Amino acid sequence: MLTVKTLKSNVYELTLQGVLEKRDIETMERELTPVLQGDGPLGLIIRAEHWQDMTADALAEDMKFEFGMLTQWAKIARMAVVTDLQAVSALLRWIDPILPMIEMRSFPSSDVAAAEAFASDLPDQRDTAANGGLTLLADGSDGVVAFEVDGRITPKDVEALFARLQTVMQGDAKVNLLARFKRWDGFDPALLTDAGIFGSKFAMIGHLKRYAVVGAPSWMQGVISAMGAAMPFEMRCFDAADEDAARDWVGWT
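Numbered according to the UniProt record's numbering, the sequence shown terminates at residue 253, and the numbering increases by one at each position without gaps.
Honestly, the hints are just simulated from the structure, not real lab data.
All values derive from a computational prediction rather than experimental measurement.
We put the CB at the ideal spot given by N, CA and C, even for glycine.
Accuracy of the hints is not assured; some may be wrong.
[Stated by the list, open to error] No more than 27 Å apart at the CA atoms, straight line, and that leaves these computed lysine-lysine pairs for DSS-like:
id: 1; residue 1: Lys-5; residue 2: Lys-64
id: 2; residue 1: Lys-174; residue 2: Lys-156
id: 3; residue 1: Lys-174; residue 2: Lys-201
id: 4; residue 1: Lys-64; residue 2: Lys-22
id: 5; residue 1: Lys-201; residue 2: Lys-156
id: 6; residue 1: Lys-182; residue 2: Lys-201
id: 7; residue 1: Lys-182; residue 2: Lys-156
id: 8; residue 1: Lys-174; residue 2: Lys-209
id: 9; residue 1: Lys-201; residue 2: Lys-64
id: 10; residue 1: Lys-182; residue 2: Lys-209
id: 11; residue 1: Lys-5; residue 2: Lys-22
id: 12; residue 1: Lys-64; residue 2: Lys-156
[Said to hold, decoys possible] Derived DEER-like restraints, expressed as beta-carbon distance ranges:
id: 13; residue 1: Ala-230; residue 2: Val-19; range: 38 to 46 Å
id: 14; residue 1: Val-19; residue 2: Arg-93; range: 52 to 60 Å
id: 15; residue 1: Asp-142; residue 2: Ser-225; range: 22 to 30 Å
id: 16; residue 1: Ser-120; residue 2: Phe-202; range: 41 to 49 Å
id: 17; residue 1: Val-88; residue 2: Gly-251; range: 42 to 50 Å
Taking the hints into account, I'd like the entire structure generated from these sequences.
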C-alpha cells in the first residue's frame, strides 16, 4: 500500500507498506504530478520502515513515472527516507554527492520527528533560482576551450556555452579543453532529455585532443578515469592545487 499526505506547505510524506503494486504507483502519480509541476522548493519524506517489496509491474510503472517527470525532480530540495535497512542508508550516502541539488538523508524508524524536521527545513525560493553554473574562460581561439563550474548546471547554461563555441565546432581543427570545478551543486535533470545538448556534446567530442578536469569531486574523478579509456582523446583529472600543471598540459597560458 502507498499513501501520500501533505504535512505542510510544500512538504509531502509518502508511506510505503507491504508489497507495492502497480495501482499504488498510480496513486503516487496522481498525487505527486501536480505537486512536481508546481513551484519548489519541495520537501519529501519517504516512510519505508514497513515496506517489503514491489511487483515487477509496479517497478515498471515507477520507472515510467520517474523518467516522465525527470525535468521536475530538481524542485525537491530535501528528501528524508525513514528506514532501518542499512543497504538503503548506504545507497543514499552514495547518491547524495552525485545529486547535491537534492539533499538526502536516512533516518531510523525511531527518529521520524527528525526526518520531518529535516525535510521541512527548505531553502528560500530565491536561493534555489539558477544563477548560471557555467562560465566560459577561453573560447578556443588559441586552441584551448576552458570553463568554470560554479553552482548548478542548467540547460540554459550549456546552450549558452555551446553557442559561444560554434566556431570551434564548425571548424576542422582540434582543441584542448579544461574544466575547472569551483563549486559543484549538481545539474538540472532536464539536461538528460535535451536531444540538442546531447548532439552538441557529441559534436564537441570530435574536436578534442586533451581534456583536463580540475578540482572535481572524488566520485566524479573515479567516473572520469573509468570513461577515459573509451574516449577518442586524452583525459586527465587534476586536484585544485595542481591547476598550473593542468593548464600546462592543455597549453593554456
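For each hint, the structure was consulted:
Annotation: proposed proximity of Lys-5 to Lys-64 holds, straight-line Cα distance about 22 Å (limit 27 Å). Using a Cα cut-off of 27 Å, the hinted pair Lys-174 and Lys-156 holds, with the two alpha carbons roughly 25 Å apart. The hinted pair formed by Lys-174 and Lys-201 meets the criterion: a straight-line CA distance of about 14 Å does not exceed 27 Å. Taken as a hint, the Lys-64 and Lys-22 pair is honoured in the structure, with Cα atoms around 11 Å apart against an allowance of 27 Å.
The straight-line distance between the Cα atoms of Lys-201 and Lys-156 is roughly 14 Å, inside the 27 Å bound, and the hint therefore holds. For the suggested pair Lys-182 and Lys-201, the alpha carbons sit about 22 Å apart, so the restraint of at most 27 Å is met. For the hint linking Lys-182 to Lys-156, the alpha-carbon distance of about 19 Å falls within 27 Å, and the restraint holds. Taking the CA atoms of Lys-174 and Lys-209, the gap is about 6 Å. The hint holds against a cut of 27 Å.
Annotation: proposed proximity of Lys-201 to Lys-64 holds, straight-line Cα distance about 26 Å (limit 27 Å). Proximity of Lys-182 to Lys-209 is assessed by CA-CA distance (about 24 Å); at most 27 Å being required, the pair is judged to hold. Among the hinted pairs, Lys-5 with Lys-22 is consistent with the structure: their alpha-carbon atoms are about 19 Å apart, no more than 27 Å. At most 27 Å may separate the alpha-carbon atoms for a hinted pair to count; Lys-64 and Lys-156 meet this at roughly 26 Å.
The given range of 38 to 46 Å is respected by Ala-230 and Val-19, whose C-beta atoms sit roughly 40 Å from each other. For Val-19 and Arg-93, the hinted distance range of 52 to 60 Å is not satisfied, since their beta carbons lie about 26 Å from each other. A beta carbon spacing of about 28 Å between Asp-142 and Ser-225 agrees with the range 22 to 30 Å that was offered as a hint. At roughly 42 Å, the beta-carbon separation of Ser-120 and Phe-202 lies within the given 41 to 49 Å, and the hint holds.
Roughly 47 Å separates the CB atoms of Val-88 and Gly-251, a value that falls within the hinted 42 to 50 Å.
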